[in-house]
Amino acid sequence: MIIDDPNSHFIFIFHPNIYSGEKYTVYNGREMTNAQVMEHWGKWLVLAPRERLDGLAQKLDRFVEARLIPCIKYDRNPSKNLGMEECVMMVYCDFRKRDQVWALLKKQGVRLKAWVTEKETMELWMPGSPLLERWMESMNFDAATKELVREDAGRRLKHILENPDEIFSPWEQ
Amino acid sequence: MAVTVIIPGSLKNWFDGADEVICEPDTLGKCLEGLAARYPAFAAKLYDAQGNISNLLIFVNGDNAARGKWLATPLADGDEVGIIPLAAGG
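Note that the protein sequences, when read in sequence, are chains A and B. Here the first sequence is numbered in our numbering, starting from 1276 and rising by one per residue. Here the second sequence is numbered in our numbering, starting from 136 and rising by one per residue.
In case anyone wonders, no lab produced these hints; they're calculated from the structure. There may be inaccurate statements among the hints.
[As the list claims (entries may be wrong)] Derived lysine-lysine pairs resembling DSBU-like cross-links, with alpha carbons at most 35 Å apart:
1. 1382(A) x 1334(A)
2. 180(B) x 1355(A)
3. 165(B) x 1394(A)
4. 204(B) x 1382(A)
5. 180(B) x 1421(A)
6. 1433(A) x 1421(A)
7. 204(B) x 165(B)
8. 1381(A) x 204(B)
9. 1382(A) x 180(B)
10. 1298(A) x 1388(A)
11. 1394(A) x 147(B)
12. 1372(A) x 1394(A)
13. 1348(A) x 1372(A)
14. 1394(A) x 1334(A)
15. 147(B) x 1381(A)
16. 1382(A) x 1421(A)
17. 1433(A) x 204(B)
18. 1298(A) x 165(B)
19. 1381(A) x 180(B)
20. 147(B) x 204(B)
21. 1372(A) x 204(B)
22. 147(B) x 1372(A)
23. 1382(A) x 1433(A)
24. 1355(A) x 1334(A)
25. 1348(A) x 1298(A)
26. 1394(A) x 204(B)
27. 1372(A) x 1382(A)
28. 204(B) x 1421(A)
29. 1298(A) x 147(B)
30. 147(B) x 1355(A)
Okay, chain B solo, but in the shape it has when bound:
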């Protein structure tokens, strides 16, 4: 088992067309770093000009990670991460 990152249709082109990708269980920050290293299109969109993640909402098992431990959120085997554009949250 691993950590599954679920991608909405509109962001699939950031991940070479995949609708889900895998991360190793670690922290959310490590997961996102790993994805950015594997998928340059995602890397280009992940951070804003100030180096912050401000254009995306990222959920761990359904909850907005920014409301909890954010990038320090621990990820365990079987966890699911969801990534959506910020505008979808409004």
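For reference, chain A alone in the conformation it holds in the complex:
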């Protein structure tokens, strides 16, 4: 199911059961804990113009509905504030299923193979990280707001690391 809310930066593809509370961070039918997500979760990246990603989303939707791909999100517009000229699609899955998911992407013509773990993603957005600092600069945040953002990012990661057995809850985007 493609969820295209014009108020969101992202377009999402979820299984329809997401609306009855089902999580997408699932492996072999079991909800994953924080520790399991940090160890196993990640995403394949696809860079392309929006039109190409819209077409790809249409093709990949059926794999999400068939639960072969847990979820997907992609940019509505390139993040020009971060120097991006293309949109990015993130095709999420457990590392242990990533080869199967890659095979689906490759069949759809995806060429550049780029896997980023959830742990790496969190590190990119942690206090003091180049990407977080660059993003805050691009948003023209004042010093106080930047500090609040850094504290919030640090708090989120701390919670995940200190509660490894808790069922993972994705961050709202």
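Once you have looked at the hints, place chain B on chain A.
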């Protein structure tokens, strides 16, 4: 056979419009040095002011090379290198 470096659309102008270029099998560091020598636009973007590669994520056969042996990652015939902007990884 050689090592194929796959370029996303947004970075093609760094490589004279190519969507893939070739490196000799050696190390990732040697591959990037060779590309920087051939493509001045790429050379200008590869390193930050401190001489580090901080604006790009570089993958070898799908895995982030910075998480492994980084520039010492050995490249063999048939390997694929992917280069994307850092912001795409977030």
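How the hints compare with the structure:
no.	hint	verdict
1	1382(A) x 1334(A)	holds, 11 Å
2	180(B) x 1355(A)	holds, 17 Å
3	165(B) x 1394(A)	holds, 28 Å
4	204(B) x 1382(A)	holds, 30 Å
5	180(B) x 1421(A)	holds, 27 Å
6	1433(A) x 1421(A)	holds, 18 Å
7	204(B) x 165(B)	holds, 13 Å
8	1381(A) x 204(B)	holds, 26 Å
9	1382(A) x 180(B)	holds, 32 Å
10	1298(A) x 1388(A)	holds, 26 Å
11	1394(A) x 147(B)	holds, 29 Å
12	1372(A) x 1394(A)	holds, 17 Å
13	1348(A) x 1372(A)	holds, 18 Å
14	1394(A) x 1334(A)	holds, 28 Å
15	147(B) x 1381(A)	holds, 21 Å
16	1382(A) x 1421(A)	violated, 42 Å
17	1433(A) x 204(B)	holds, 28 Å
18	1298(A) x 165(B)	violated, 44 Å
19	1381(A) x 180(B)	holds, 29 Å
20	147(B) x 204(B)	holds, 26 Å
21	1372(A) x 204(B)	holds, 24 Å
22	147(B) x 1372(A)	holds, 31 Å
23	1382(A) x 1433(A)	violated, 39 Å
24	1355(A) x 1334(A)	holds, 26 Å
25	1348(A) x 1298(A)	holds, 15 Å
26	1394(A) x 204(B)	holds, 18 Å
27	1372(A) x 1382(A)	holds, 16 Å
28	204(B) x 1421(A)	holds, 33 Å
29	1298(A) x 147(B)	violated, 38 Å
30	147(B) x 1355(A)	holds, 17 Å
The structure shown violates the earlier hints numbered 16, 18, 23, 29.
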